[in-house]
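Put chain B on the given structure of chain A with help from the hints.
There are 2 protein chains.
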Amino acid sequence: MNRFWNPEDIAPKVLAPGVTAKIASGERMMLSLVTFAPDAVVPTHSHPHEQMGFMVSGTLEFTIAGETRVLSGSGMVFVPGGVPHAAKAGPGGAVALDAFSPPREEYR
Amino acid sequence: MNRFWNPEDIAPKVLAPGVTAKIASGERMMLSLVTFAPDAVVPTHSHPHEQMGFMVSGTLEFTIAGETRVLSGSGMVFVPGGVPHAAKAGPGGAVALDAFSPPREEYR
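Chain order of the listed sequences is A and B.
Here the first sequence stands for residues 0 to 107, numbered as in numbering that gives the first Met the number 0.
Here the second sequence stands for residues 0 to 107, numbered as in numbering that gives the first Met the number 0.
Please note that a few of the clues may not be correct.
Claimed, not checked - Per the computed footprint, the stretches of chain A lying under chain B, defined by three or more beta-carbons under 8 Å from a beta-carbon of chain B, are:
no., segment
1, 20-26
2, 65-78
As the list claims (entries may be wrong) - Stretches of chain A that chain B covers, calculated by requiring three or more beta carbons in the stretch to come under 8 Å of a beta carbon on chain B:
no., segment
3, 0-6
4, 51-62
To be verified - Okay, the calculated beta carbon distance ranges per label pair:
no., chain 1, residue 1, chain 2, residue 2, range
5, A, T62, B, P16, 36 to 42 Å
6, B, P37, A, P11, 30 to 36 Å
7, A, E60, B, P11, 24 to 30 Å
8, A, S71, B, A64, 34 to 40 Å
9, A, K12, B, H46, 29 to 35 Å
Just so you know, these hints were derived from the structure itself, not from any lab.
C-beta atoms are modelled at their ideal positions from N, C-alpha and C, and glycine is treated no differently.
With the rest of the complex left out, here is chain A:
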């Protein structure tokens, strides 16, 4: 199992139109470095996996169970398992790091 990753060596996975992710997986967790094109959207969805997110750059409108905040500058979020959530990038796009526990098997 890898212990070190350079994102340049990870093939991007398309999550939604204009939204791609580079995935690194541990045993209990998975990291997903997500790049959003300007105004790109991840529609409302949910999954049993717990999710925490961290803003790397740009801005995101992030909605958790109907509550929306604009994230920027190292903002962090917690999405409990099973709770509906969505994201929409600002006009400059965004980069965010998501962590999931357990790892999402469909992303491996």
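Okay, now just chain B, sitting in the frame of chain A:
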């Protein structure tokens, strides 16, 4: 339980000389936004919690079980639970995001 955090609102916790962290905790995971002063060191240690890390800025010499790599530019690492690891910042310091599962109770 918080779902959104602005790091400006989180009091920093001192992890080692020149190393501070801002902590956000979920149920299965905890995020720790770690700032390293130039050349600051986290000595070799281990914990039963799984750790994954992401480089936000700067450079870190990161050692996992005796294997050392220099991390920069969105590099990611996986430290299985119980495995010894250490970090040393470069001359410009560093910022990294660590994720732990389960959350580290001593950091709450």
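Practice prompt. List, from low to high, the hint numbers that the structure doesn't satisfy.
Written response: Hints that this structure does not satisfy do not exist here, as all of them hold.
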